[in-house]
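As they're listed, the protein sequences go chains A and B.
First residue of the first sequence: 1, per our numbering; consecutive thereafter.
First residue of the second sequence: 1, per our numbering; consecutive thereafter.
Source of the hints: derived by calculation from the structure; they are not laboratory data.
There could be a bad hint or two in this list.
Because identical chains share one entry, a pair is satisfied inside a single copy or across any pair of copies.
[To be verified] Under the rule of at most 27 Å between Cα atoms (straight-line distance), these lysine-lysine pairs were calculated in the DSSO-like manner:
| # | residue 1 | residue 2 |
| --- | --- | --- |
| 1 | Lys-94 | Lys-251 |
| 2 | Lys-191 | Lys-270 |
| 3 | Lys-318 | Lys-194 |
| 4 | Lys-416 | Lys-191 |
Number of protein chains: 2
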Amino acid sequence: MSDSRNFRGTTDYWGPGAATRSSMVGIISTTFRSFGFEMLETPVIENEETLSGKYGPEGDMKRFRLVMKHKQAAGLRYDHTVPLARFMAMHWNKFPLPYRRFAIGPVFRNESPSAARLRQFTQCDFDTVGTRSPIVDAEIVAMNYEVLNKLGFSGAYTVMINDRRLLNAMVLHLGVADTGDGLAILRAWDKLEKVSLQQAFEQLVEELVIQHTAGVFPSPSDDQIQRLKRSTRSRLETTFLSATEKLLDMKEAPSSRLVDEMMAKFQDQKVHQALEDILTLLQYIDSMGVPSNCYQFNPLMARGLDYYTGPIFETYVKVGGVGSITGGGRFDNLIQQMGGPNMPASGSSFGLERLQEVMRQLGIGIKSTSRPDVLVAIFDISNTTLVQQTFSVASDLRLTGLKVEVYTGDTRGLGKQFQVANSKKIPFVVVVGPDELRNNEVTLKDMGTGHQVSVARRSLVEYLTAALQTTE
Amino acid sequence: MSDSRNFRGTTDYWGPGAATRSSMVGIISTTFRSFGFEMLETPVIENEETLSGKYGPEGDMKRFRLVMKHKQAAGLRYDHTVPLARFMAMHWNKFPLPYRRFAIGPVFRNESPSAARLRQFTQCDFDTVGTRSPIVDAEIVAMNYEVLNKLGFSGAYTVMINDRRLLNAMVLHLGVADTGDGLAILRAWDKLEKVSLQQAFEQLVEELVIQHTAGVFPSPSDDQIQRLKRSTRSRLETTFLSATEKLLDMKEAPSSRLVDEMMAKFQDQKVHQALEDILTLLQYIDSMGVPSNCYQFNPLMARGLDYYTGPIFETYVKVGGVGSITGGGRFDNLIQQMGGPNMPASGSSFGLERLQEVMRQLGIGIKSTSRPDVLVAIFDISNTTLVQQTFSVASDLRLTGLKVEVYTGDTRGLGKQFQVANSKKIPFVVVVGPDELRNNEVTLKDMGTGHQVSVARRSLVEYLTAALQTTE
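Using the sequences and the accompanying hints, generate a full structural model.
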């Protein structure tokens, strides 16, 4: 009958689901504020020149663009980080640094509509701009822990920690000078949560061979390809493969012992420098009281290959293939890239829908309800005095912060009104009839027990508040 | 230096401005909830078929469309009402009626970028679906009053009330059978807040002459036009002009007396029926405790000419040309029009930015701050024990709900850290140095007075909470 539908890849949230989301956003923003972050609202629409080229080729493909005259090309924001950088480039001299902001709102990706991926989802970001202090990076882990703790997670996740400087140093140490080769190695490492080392190795060989022939032999013979494959493979066996095997061997060690082992196994000054920084970071995280089973240094985690320059973070959950529920890191060059000053920055983001999905799978409930606390019935709509008193009772109850729905259905009769209360799961109904009015009372019906009592009008608020506490 | 900028017609909100918006949204949504409304989140993107043809020609021109393959044409939502109707058409049988929902979020209009009008702004809507009860319509006025009251308005606005059924009956009474003529008259009435009756009359004559010649004389002579103008003018003098003069005469009367006077002056059964309904509505509004100086029956207010079918509302503020800050009414046909069942609905919307602007002009302040309550200084970043204790103090303070920023600037020295606290208007700084650590104390500096005290570590929370209360 109805041909109306959502835009594919978007969702409506209502009822207890919407109430839960709202509670989650409340918990998340309160935690952000408790660490001294303030709200920044940037618009959903950004100029094309702000967005273009910031997210790599995939991002440029998946961005939503608006139909506009060319000179004002614009599109929908893809994340909150690029808008933050644009904002800082415009306003960096208008407030004291470090500037700490959070942003909670929808971002947009034009995913293939066949996939289960959402095309609009909510990111909850916090970022500190204007300081290179590793305290800020450590706080990312502490805040990830704090938020997840308050949402009801007890374990079941790991905040994975790595550093782009370590990854760069490791790639150099492997003797891969070429940037493209280096990025391919990082991508191969990042895949190891999902595929075997052997698979990752074969894919890497293939990728590098294609990459190299593209530039050198415009149309290579099978023979040429085979020869290149053999040499690439033998080169990678002594570099990538042996290093990765060492890393995988150590991976389950506690974070700071893993740093020590890497120090011992990779004798390289740059690698050691980067590892020293990681050690400092790990010490701060520990000092902030984050339990050691909640985070893990993971030298194979590479994360998005775009704008990160220092420590990187990802919270990984091992249920239902959701993967990461937070991601972030240091991005010291992005603001300058947007036309702003040379200004360091570091932050992280929670994916609200992914968090919801993991909480659903883990059975972590947030107690939130969208139902009113009480329904105020209409005894006789044609009796003006009665109606006035009924509205007045509703108004008194609201003053105490209760959620009060006055019955507004078309049909009359108390029976029907009790039914509505039941179907809406409203726990109490108040009735003001002529008898009640005469005695300065109301009738209060407990929909759970079916029990009815007369309560003096002036005691109603107190009585109902107490009754609600025992019901909940 | 920087070429980064906002998309024209959009704004960034930060600092106290963002904090105020956040407080306003909190007040508004709490009030909506206190009347039994629950949150509904619909997506920013809707299918083109949902949006097209719902907002009249202006709306179709000003809607933002996305670059997409034709078969999945989509655009940005223009309001929250059409998405609600789309949602109801999809889900009406999944929850008990009446369904009461609120929605707070951005809507988008492609206004001319030269104008000061925003192209993204925030609407706060509440609507009741599934009942024709006039209680629901009366609640719109009560909730407008309640929200404005809580935001700090004391008068300075009028909720204007009218009814499309009265407008329809009046147009019929004037003997204007043609729909186009009727709509032109409603538009002329709606203009009377801004132009004189004479101007409105002349514009109406012009409009009707153009409208009539268009159909009858493809290329009329000057003579024909003059003749038509004379006959239209004389017809409108005895109908539109005389009726409007009567209405303007009475307009300042108290609402219910105005109804009585209209009863006496317009002897028409349909007009009287509509006026009876308005009388009931006015009685309910009065019963709900809304002071009579906050609302006004205004038979000349016509509001958007699109989907309204019954009572209509607009909150008018007489400052700085902002005009209306709320608008709404009954729209009993829209859900069916979207492919849903025949289902009545009524609701209203606050424009957040307009509210902000009026509050700014009227000097109505909402006390909200984005600054942290306390800065925890770093005495010596190289002393691990000290750093650990410092973080631990910050964490203890956060547990009590305080907003606590740990100093994360690049430079060291307490003097610099006090400066940061000052520039960020943070009222207190806590220092944990080696002496403090030894004595199990902290030093607390009041940045307002410059006064420093030593406080036992275990008394800090209590001491600081009390100090913050006297400072604020």
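These are the hints, each one checked on the structure:
no. : hint              : in the structure
1   : Lys-94 / Lys-251  : neither (45 Å within a copy, 50 Å between copies)
2   : Lys-191 / Lys-270 : within (24 Å within a copy, 74 Å between copies)
3   : Lys-318 / Lys-194 : within (11 Å within a copy, 63 Å between copies)
4   : Lys-416 / Lys-191 : neither (60 Å within a copy, 45 Å between copies)
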